[in-house]
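J.: Spelled out, the chains give:
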Amino acid sequence: MKRMILAIFATLLLMASTSFAATQATNTNTVSPTLQISATIVSAVQLTLAQGASGTACTLTPGANPDYSMSFGTVDALAITAGGCGQRYTPAQTGADAVYYTDYQLTPSFASQPNSANPQISAYVSTVFGTANIKVVRDTANSAAAPAANGFSLMSTNNAAQDTIATAVASGTALTRYIGVDIAPTNGAGMTGAKSATVTFTLTVN
Amino acid sequence: MPASIQQRQRSTPTDSKTHEGKRGLLRLRKHKFRLRELLLAFLIFVLAFRASAGQAQTIALATSGAGITFSGPAPAVPTPVYHAGFGTVNGLGVGTPTGLTKLVVAGGEFYYTPYTIALSGANSGHPGLVQAYISSAFSNPSSVIQLMSCPNPGACNSFASYTVLPNAQASEITVLPQQTANGNYTAYLGLLVKSVNGSITSPDKATVTFDVYDNQHGTVTQTQLTLDTPNTTIQTAVQLQLATAPSGLTMSAGGSTDYAANFGNVNGLGIGPGTGLTVISGQAPGGIIYSTPYLIQPAFSGFASANNTKITVYVSTDFIHPTLLKLYDSQSQLNGYAAISKNSGSPTQITGSASNGTAISEYLGLFVSNVNGPTSFRGADQATLTYTITVQ
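Chains as they are written, first to last, in this note's numbering: chain A, 650 to 855; chain B, 260 to 651.
Calculated directly from the structure, the hints in this document are not laboratory data. The structure displayed is predicted, hence computed values, not measured ones. We put the CB at the ideal spot given by N, CA and C, even for glycine. You can trust all of the hints, since none of them are fake.
With beta-carbon atoms standing in for the labels, derived distance ranges:
{"no.": "1", "chain 1": "B", "residue 1": "SER591", "chain 2": "A", "residue 2": "GLY722", "range": "40 to 50 Å"}
{"no.": "2", "chain 1": "A", "residue 1": "ALA671", "chain 2": "B", "residue 2": "GLY324", "range": "28 to 38 Å"}
{"no.": "3", "chain 1": "A", "residue 1": "GLY712", "chain 2": "B", "residue 2": "LEU554", "range": "33 to 43 Å"}
{"no.": "4", "chain 1": "B", "residue 1": "PHE418", "chain 2": "A", "residue 2": "ALA671", "range": "22 to 32 Å"}
{"no.": "5", "chain 1": "A", "residue 1": "GLY733", "chain 2": "B", "residue 2": "PRO544", "range": "32 to 42 Å"}
{"no.": "6", "chain 1": "A", "residue 1": "ALA741", "chain 2": "B", "residue 2": "GLN592", "range": "52 to 62 Å"}
Quick look at which bits of chain A chain B covers, simulated, 3 or more residues with Cβ under 8 Å:
{"no.": "7", "region": "674-682"}
{"no.": "8", "region": "687-698"}
{"no.": "9", "region": "761-774"}
Negatives, chain A to chain B, calculated, CB over 12 Å:
{"no.": "10", "residue": "GLY722"}
{"no.": "11", "residue": "PRO740"}
{"no.": "12", "residue": "LEU755"}
Bound-form chain B, shown alone:
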């Protein structure tokens, strides 16, 4: 650029010399010459100023490590537009999306990815600062999804390090603090997907605009990132978990079934109940019930309608000694016990209006017969309960 300016400075006097010594149109040409001279001087001034300011700082966006893939710019001018995308996500964090890391956060799931900001044109005399805002928001409101940013060089593995990207340039936030050297800088982009149901637009896309400032010379350049490759697709997700209740029998996850609960040694008289068990008499003839509280934790997200979500349970594999051991369900500890259905076609209903994220306190009862003699049994036995949540 400076070489080009010098060339223009040299050529102008040469042009003026070709018109010397001519009359008639001389005055007019002289005026014209002066006008050209003034225009040339102005051009030289502008170019000289630009030269003194140096080349404006710009950024390119690129994939970082195992993060989501960035492509572009397309188009490259007038404003370079890069493309990337969060793809398929859900409010429960079910599944393993490519290029994204998940965090369970209050009210939803947080997906985040690193990306590279390649800064050029910066030096000690021309430091560069990068800020960003959402120039084209998702169709979904912030109660469904929210774009968030963690600036370089933050500890971006923590949700607390992220800030909501604003929707206006006036309130844009820094993604790369002022730098005096060119280089590749890593920042993070996050998407908070709320665990909500109702009206949800999917797929969805948004555009983030990055402003690169040279505050010493008052210049700014822009780069955009459109999150449309792929679009953000909010899928439905459903989850049903069991958990140990305070003072209840331990519900262990894993094993050949999803959960396991071991009542330990039991007897038909209810002598010496194990930790977390309470002996309930009078609820089932011919024996006693060992009862434990436990938690049923339903969660569902992305559904248009979910007000009549039901949870059922049935005995999918019965005890080998089904007359001596039976499973009961109740919503209170001391009474209301009913034998759990052994029919998958007509399971025992626990609730017909489960709420997303609201745990249900339930009581599981193990009936132990007090029968004696040849039909009695001493030893270990097992049964399996199958719980089903149906979002509707």
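Extracted from the complex, chain A is given alone in its bound form:
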């Protein structure tokens, strides 16, 4: 009887499957390896600009430095020239300078932010035009509606006192705003020719 028990035990041992790691085994038809996935979540914030949806909006071209570029083309202080894109107001309409403007889109995105009650977008002219007869303007109302002729304000050139473009923005929702150039009827040397300025937008989530 004892021998029989030993024999049965030995047979069971021989028949048993053998696993050498979870990746391989013998005398069985299944094996189950495991894969550990690791990740570290970090908070993220993103602000992208895009061409406006009006149909006449100036093209916003992504680049490396600066991140985007836009050109109004040929403009003049009497708003005689149509410009390369967008719309324009004559001095008679604004009661002051000519304004060439266009709609554009801002899309704020943010994720894993611990506080997101009042994310806002601000902007300022970080590099002004080289001459005083041309300045960057924005829609005073900060709205998606096209501004009236008198609905523009000069954009701040002070990093410490930026203009607010939008408040309580929602992540992933595109916003329409307006930006333009104000051309003063200043005469004198150097008032014509290609000019460029840089506007820096900032999204702050808090």
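Let chain A serve as the given structure and place chain B on it in line with the hints.
T.: Structure of chain B alone, referenced to chain A:
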């Protein structure tokens, strides 16, 4: 042997002298005497020839080092038969057999062992050459297992040094080149076990016959090795491995789990994906998916039936933040992502017809939520996937 011959030469004349001077039967006896004389002369010639040829070269087979165990001869006559065996093997090389060394080769696993050929009766006038062939083949065809040989003094740690042992004496191969000195010579015997499924006979055995030639005198002696102690048993083996795909996230082996993949820093916007990762949008609401290709490598051998082999996966240990991080599976990079099951009872099936040795290109997706505020989380998290292959 020569002493014995001389004794016989001396005794014959003595016998003949006892019959001298007798008549009647003398003539008949004289004829008989001449017949005996002729027979004796022939015997002397044969024995003298054998003596001049020397004792025929023979071999004994024995265990070499840590190789498999040789026993015998049993029987010792008329042909000495030694016994050894490869034992339990499989086409994937899973496990560590005693006395055998393994090599992964194309299409299977190669097991090999050294053995000793003890040559005796050889000298400069009587060199010995040993050749071998399979005199009794395995029941399994060569598409399942193959006996191979690496002759002395080859570099036998390489599969390229081995030659298939033929099944006929006419095409036998050398296992010990011609030697002019007795001694123990090491050669190697190998068994190629193919990674195949279907009809397989197990256990199985074969016999190798060794022919020891003295080509200068045209003699040959035989010794046999029967591979039946133990018999060759081809066991089933199954394996499932993961591997890094070209341009994919690194799949590391080892650690607390069999494999590990680290997606590094991730965010709900998909900004700055790490090496090997692609950000996929629009496949899961509320966030993005970091996707990586990877390889699932099934292998199975020795099964009678394996056409419906399936591979499944499920999340066996979920993330601590399961609403912020989720694991997805897809067979294409840009779309088709589905959340991987978290239920071991109903895992996500990757395939229902896996092929032995054919890697599957799959995509693993890590969903990262873009939620903000108090339910958001920043920091490290981990989950574990369990893959299962079932051969059937």
